[in-house]
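Chemist: Please arrange chains L, R and P on chain W, whose structure you already have, making use of the hints.
There are 4 protein chains.
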Amino acid sequence: MRVQSPFRTQKDSVAEKSGPVTAAIIMAPAKKNILERLDAGEVVIGDGGFVFALEKRGYVKAGPWTPEAAAEHPEAVRQLHREFLRAGSNVMQTFTFYASDDKLENRGNTQRFTGQQINEAACDLAKEVANEGDALVAGGVSQTPSYLSCKSENDVKAIFKKQIDVFVQKNVDFLIAEYFEHVEEAEWAVQVLKTTGKPVAATLCIGPEGDLNGVGPGDCAVRLVKAGAQIVGINCHFDPDTCVKTVKMMKEGVEKAGLKAHYMTQPLAYHTPDCNRQGFIDLPEFPFSLEPRILSRWDMQKYAREAYNAGVRFIGGCCGFEPYHIRALAEELAPERGFLPAGSEKHGTWGSGLEMHTKPWVRARARRDYWEKLNPASGRPYCPSMSIPDGWGVTKGHADLMQQKEATSKDQLKALFDKASQGH
Amino acid sequence: MRVQSPFRTQKDSVAEKSGPVTAAIIMAPAKKNILERLDAGEVVIGDGGFVFALEKRGYVKAGPWTPEAAAEHPEAVRQLHREFLRAGSNVMQTFTFYASDDKLENRGNTQRFTGQQINEAACDLAKEVANEGDALVAGGVSQTPSYLSCKSENDVKAIFKKQIDVFVQKNVDFLIAEYFEHVEEAEWAVQVLKTTGKPVAATLCIGPEGDLNGVGPGDCAVRLVKAGAQIVGINCHFDPDTCVKTVKMMKEGVEKAGLKAHYMTQPLAYHTPDCNRQGFIDLPEFPFSLEPRILSRWDMQKYAREAYNAGVRFIGGCCGFEPYHIRALAEELAPERGFLPAGSEKHGTWGSGLEMHTKPWVRARARRDYWEKLNPASGRPYCPSMSIPDGWGVTKGHADLMQQKEATSKDQLKALFDKASQGH
Amino acid sequence: MRVQSPFRTQKDSVAEKSGPVTAAIIMAPAKKNILERLDAGEVVIGDGGFVFALEKRGYVKAGPWTPEAAAEHPEAVRQLHREFLRAGSNVMQTFTFYASDDKLENRGNTQRFTGQQINEAACDLAKEVANEGDALVAGGVSQTPSYLSCKSENDVKAIFKKQIDVFVQKNVDFLIAEYFEHVEEAEWAVQVLKTTGKPVAATLCIGPEGDLNGVGPGDCAVRLVKAGAQIVGINCHFDPDTCVKTVKMMKEGVEKAGLKAHYMTQPLAYHTPDCNRQGFIDLPEFPFSLEPRILSRWDMQKYAREAYNAGVRFIGGCCGFEPYHIRALAEELAPERGFLPAGSEKHGTWGSGLEMHTKPWVRARARRDYWEKLNPASGRPYCPSMSIPDGWGVTKGHADLMQQKEATSKDQLKALFDKASQGH
Amino acid sequence: MRVQSPFRTQKDSVAEKSGPVTAAIIMAPAKKNILERLDAGEVVIGDGGFVFALEKRGYVKAGPWTPEAAAEHPEAVRQLHREFLRAGSNVMQTFTFYASDDKLENRGNTQRFTGQQINEAACDLAKEVANEGDALVAGGVSQTPSYLSCKSENDVKAIFKKQIDVFVQKNVDFLIAEYFEHVEEAEWAVQVLKTTGKPVAATLCIGPEGDLNGVGPGDCAVRLVKAGAQIVGINCHFDPDTCVKTVKMMKEGVEKAGLKAHYMTQPLAYHTPDCNRQGFIDLPEFPFSLEPRILSRWDMQKYAREAYNAGVRFIGGCCGFEPYHIRALAEELAPERGFLPAGSEKHGTWGSGLEMHTKPWVRARARRDYWEKLNPASGRPYCPSMSIPDGWGVTKGHADLMQQKEATSKDQLKALFDKASQGH
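Residue numbers (full-length UniProt numbering), protein chains in the order written: chain W, 1 to 424; chain L, 1 to 424; chain R, 1 to 424; chain P, 1 to 424.
Be careful, since some hints might not be right.
Chain copies aren't distinguished; within one or between two, either way the pair holds.
[Stated by the list, open to error] Below 30 Å or equal to it, Euclidean Cα-Cα: the simulated BS3-like pairs (lysine-lysine) are: (1) LYS359 - LYS373; (2) LYS32 - LYS373; (3) LYS251 - LYS414; (4) LYS410 - LYS373; (5) LYS373 - LYS302; (6) LYS127 - LYS56; (7) LYS56 - LYS31; (8) LYS194 - LYS170; (9) LYS302 - LYS56; (10) LYS256 - LYS226; (11) LYS162 - LYS373; (12) LYS245 - LYS151; (13) LYS162 - LYS359; (14) LYS31 - LYS151; (15) LYS359 - LYS245; (16) LYS419 - LYS373; (17) LYS359 - LYS396; (18) LYS161 - LYS396; (19) LYS256 - LYS359; (20) LYS56 - LYS151; (21) LYS302 - LYS410; (22) LYS419 - LYS302; (23) LYS161 - LYS410; (24) LYS359 - LYS410.
Hints listed in this document are in silico derivations from the structure and should not be mistaken for laboratory results.
With the rest of the complex left out, here is chain W (with noise of 0.2 Å):
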């Protein structure tokens, strides 16, 4: 199967102190859009999630969850970037995760990076790349603290509108709202990106079970193709398995209620089947103890299948995602394509690269019957399989969960300490 070079330009290489290459960026036919793409029936690969892959790179941190390395390391988020559109992917997401200013004030961003220029910095890094090669650029937004704090409808809509702003002036491609745990406010970031003309997609981040107030996947799905949305679908939170299943109830739901929509799945790197509704955030693990979790390789090619059997064509990853695991899924769904990606110059398809390893036995595996049946260890045979998860049954509105912009004091850390060895 031909390699096909996603890159326009050749950007990185020994020859890369040798000269200019805008001519050729000029030169570029226009991409097709992404509901173009969609409508024609082409699967179109996403990314994997940028907070968690840079967190273990050291630019982002675990708590805050903030993406000021946009601004911040630029070089760092640049290569990630590189490093999914060579493993596949065709749309660059600006890396504005939790980058509207609420969140940054809350959690302690130290205020060098407004989010105005983290907005900023990130499309002007998603573009360059995606330039690069044949990905769209999309936008994106995500659930606020405002929200989580019950501020009203027109305070929470204001704070997407800001980041809307960046997205239209930088003249992003698509836009995406991603991360929801409640319908109701991803409703509202959707009214607010359809005001650009521009294409909507929108995901939440739940299970079967539905949001954290109960609307199932279904009716969740109606509400968001209703307001506006082209391509709905679920991110995060659960792992493959769990986001296909949840994506199939909503188009169920869709189908139902005579909607159309495309749809998409960006689920975990993680095997969840411990979690209840409210995912991996409450598990143990979460976020510093996941790596026995990590899909491999194959698992990946098994979600790429099983999402394309179910219809979905919008298929990316979430938090855990490293280039590997989406060069899997393009190379899974390589012969419905006609071609594998430019990663796929260094990996041989179900482990043929293995036919030159210096050890034998090893060579004995390079055969995808291998690892297609292969049950891998753990090496920790003082850890269980599963989980119970944390959780403390409450949502929106409740006192635990109003937000505030000062670091969680020691008194009320020791009383967060004590609920939780109760609950336990």
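Modeler: Okay, now just chains L, R and P, sitting in the frame of chain W:
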């Protein structure tokens, strides 16, 4: 605790376009060399393994495992160096693993890059990033297919000589002979490295059972010291527990022989309690389903402490290490060293960053006690905790191990598959 | 708490040779019948499954699972009855599982014993031991190969009738139709049992997915009550968690239909979180490698409490139950019942007997808190936590399920092995 | 293969009421003694541990672990003997474990039965059942609280002497000193046992690390042989793998010393890969949550084969063994012995009885290949595979180990709980 900026110059920021930084580099004082540091009792933090990290990012092919990316995709290699520097590494190893011509020819390298090109490019990248901070550059050589195929001592030494010539010309700070399964070949390497007059470190990829010819860790260490290595230890093939245990045996051997050395460990970031002599290569999960075995940052802090207590002062990592793993080593030993790495600006020690998390029950996890006691679940109830290693009990000299330039043929593969399935 | 002696006469002691105990038996007051007990809100403790317990003791053959031991090895059967009585059982079920003539013929019984002989011997044994305490005798019938082979309603009912005739002649206290996978066959059984005028209980071996024809638990229960059963519930095939969940669905169904019934559960003593509709039969471990799934006494106390809280008042066990499991049920519900079983003289509640252990760190385990929180290890690091069930998706009427008298032939077995290996 | 009836007389059948069987017993030829059998190279199958088996049946109290049931509930003890005989045991051990007066006083025995009463009753029961087949009676003594509390050699030997007097009077066939953690005490026991002129076997409950004073298995064995034991080996505390490994070390020691002995193993029926020196006592699961560790019959066949291959010819079991486990030993070694045990009439070798199962996919499991390869699941996804043992590193002479007659007081318990919780 003070966060030390290992960066002498601020290269990577929104300010990056705004001006030259060369002046700062010129003025930097001379760095202490590796032996001065170790003799002074300093802790030297190593970096992580590039082959596995770049395989996941899409720049290295599993199977051949060759480092042509140094020449082919320098941006990706540079960025990984920079992440390790930021995480606290004091050593930038040149990305020259398996960069000997016999290996590059033997394993399907496309011949666009010669060994010399790769070695030169790797030195330049390591040096560039090392000079952004207080790190040293180490030129590295590793075991050769020539030795496995029973070439003469002269032939094997000539292979090492070719790489060394580049390291001398590029004036690296010191040299590492690493990843040797047979102490005899490592001795040969050390003898060649010694001719340069630079400090020499040597690490074997063996466990407590000794090298593949059955020479115990203590005897191996004595032979390496006698050959001229000032620093000896273990890298790759086993988890931290096993590597620290093995290096203790080395230390005992050296001390019993009345010799002196510094010690280093650069283990896997995978749990391998079920490995036998040949280490993780023999695990059924190698190399594509090792995910459930990945160590957490807390596992790494335990490793750093145990290595330190065992008298190891050059503490780094190998395959599986990501920048956050290296940062964990630097954070654990911050009390001894007096400073935190730059990357800790994005990491609250022992999870304290979670104090700023949205959900109160996640804030309750912001404490050492919580993470130290947690036994993380795999989310894989259909998988076991341990595996029975493969491995056909053959080593250097066995027909099965003769290396060939060509990729394994269909017939050869069929014979391997049959042999493997009988073995199970 | 008072330890009640359920033994009206002291039969088994060093005094056993010393004299007649008949007098005591003669003077025993009439026992309350099963419905009087349940109507009064009493907790009735059932016994455990004889087939599995006696298989481990060497008196039942796995495969045929027939109860000829009642006639062939009465001593072994009597002893097991006595152990359950001592453990707290209020019901002695006749050991007549699969004691219908069509089953005895069909599955390799050596023909030394007729169905009538076995049924009679089983009644005598149950009665003898029941009269040593305050227990009732329940005559039991179970599903037939005739039904599976599509024999007529009349034929199947005739099978039940033959067993019932013995129960009437031996004057058992009440009747149980148990272990039915199809509610239709259970209804037929209940209809036959009702003709005796004795109280009738009926339990299906189904889970929340319903019977093998897809009839849900609620509907099943309604049909059984309408057929005349005064007590309905679940036995075998699933663990306590699943059985309690299923019987709750039955109760909801019965109540929604405006009917009334008593409820019973007699689950497995094996954990089965991974089962699908057909229960533990389909687990790869069935029947010879179920050991790692065996419930502890603490699991049993949890079960007793949950069954009680769900409104179940006839609480017993099935396959895998040993006497100490039954004792755990009686101990958990001792506060409600006001007394402990006789067997508790050899058991300190919640491990308190360990106060007399030699090692002090074992004495430190003499507390409820310790045992309730413990997640016991399997000592099997090469084994998984869950299995994927077999099961070919066939039920009554399918050619694969036609029963034959002869043992499976070599050719038939080969066909089965091939079919099985394709399935995996 | 012929099924041997070990029963000289048919005691247990529907015919049991019909007549005297004494004649047959009188005519039975003299049995070969234990040394004649072993010298002739015969395999001798031992029995299983009575304490754990009868605890589950309700006749032994965990904590004190004393055998008053021999006198108190003879029927239960007799039945268990009979089941082991039927399963293939050639040795009926008297149920006299911990039946020394210092233990009976020390651990809350209600004083209804003296040591002498219990020892006598136990001999009678073992003899009665042994005479129903071809089994020998072995009188057993085990370690004493007196030794642990530092009583003198004379005092400890006097304890053994009291039990031996009963064994001589009852004329048992041979003697076993078993379950010793300190070889010194075992030597004392052997010296007392030798005074009877009967064959003497001695087993320690130790692993490869040696006894609690650090004497290695080889040295222990040499000392026991020198003290006069003709048979030496290991019982209890560890799983079969560990016990076979340890007895191999014993054999090496004895042979290196130029001595001769027969060897025996009577391991646990629990997997204990995670144990340290003190064995399963220290596992957190001991004694009430060991269920997931129970060996299957297939594990037992593997044990029998490995013990046989290691040169062990007296092969039996200890805590956790049920009759079907003993039968598995006899079935595995049937080719060597030329016959199957009586109990095999109810067991198809390697699952062949499943050929008569109702469900075709269960019939497909009627083969050795299936059961040998199966890695059985625990059904416990929230539980680990291995545990970290307790154990406070104390042994004989330490204040914590001084034994007292009284049950541990509330204050003593509180101190223990505190000490234990600090330890975790």
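Chemist: If the cutoff is 30 Å on CA atoms, where do LYS161 and LYS396 land: within, between, both or neither? Let me know, please.
Modeler: within (22 Å within a copy, 63 Å between copies)
Chemist: 30 Å Cα cut-off: does LYS31 pair with LYS151 within a copy, between copies, both or neither?
Modeler: neither (40 Å within a copy, 55 Å between copies)
Chemist: Can you tell me if LYS359 and LYS373 fall within 30 Å by alpha carbon in one copy, between copies, both or neither?
Modeler: Answer is both; intra-copy 21 Å and inter-copy 26 Å each pass.
Chemist: Which holds for LYS161 with LYS410 at a C-alpha limit of 30 Å: within a copy, between copies, both or neither?
Modeler: neither (36 Å within a copy, 60 Å between copies)
Chemist: When no copy is named, should LYS419 and LYS373 be tagged within, between, both, or neither for a Cα gap of at most 30 Å?
Modeler: between (43 Å within a copy, 18 Å between copies)
Chemist: Checking LYS302 and LYS56: alpha-carbon separation at most 30 Å within a copy, between copies, both or neither?
Modeler: Close inside one copy (25 Å) and across copies (18 Å); limit 30 Å.
Chemist: What label fits LYS194 with LYS170 when the C-alpha limit is 30 Å: within, between, both, or neither?
Modeler: Result: close within a single copy only, 16 Å intra versus 57 Å inter.
Chemist: Classify it for me, LYS359 with LYS410: is the Cα-Cα distance of at most 30 Å met within a copy, between copies, both or neither?
Modeler: Classified as between: cross-chain Cα gap 16 Å, same-chain 55 Å, threshold 30 Å.
Chemist: Up to 30 Å between alpha-carbons, please classify LYS359 paired with LYS396: within, between, both or neither.
Modeler: between (56 Å within a copy, 11 Å between copies)
Chemist: Given a CA cutoff of 30 Å, do LYS162 and LYS359 count as a within-copy pair, a between-copy pair, both, or neither?
Modeler: between (57 Å within a copy, 25 Å between copies)
Chemist: Is the C-alpha distance from LYS256 to LYS226 at most 30 Å within one copy, between copies, in both cases, or in neither?
Modeler: The answer is within: 14 Å in one copy meets 30 Å, while 38 Å across copies does not.
Chemist: Are the CA atoms of LYS251 and LYS414 at most 30 Å apart within a copy, between copies, both, or neither?
Modeler: For LYS251 and LYS414, neither the intra-copy (45 Å) nor the inter-copy (45 Å) Cα distance is at most 30 Å.
In summary, the structure is inconsistent with hints 2, 3, 11, 12, 14, 19, 20, 23 from the numbered list given earlier, while agreeing with the others.
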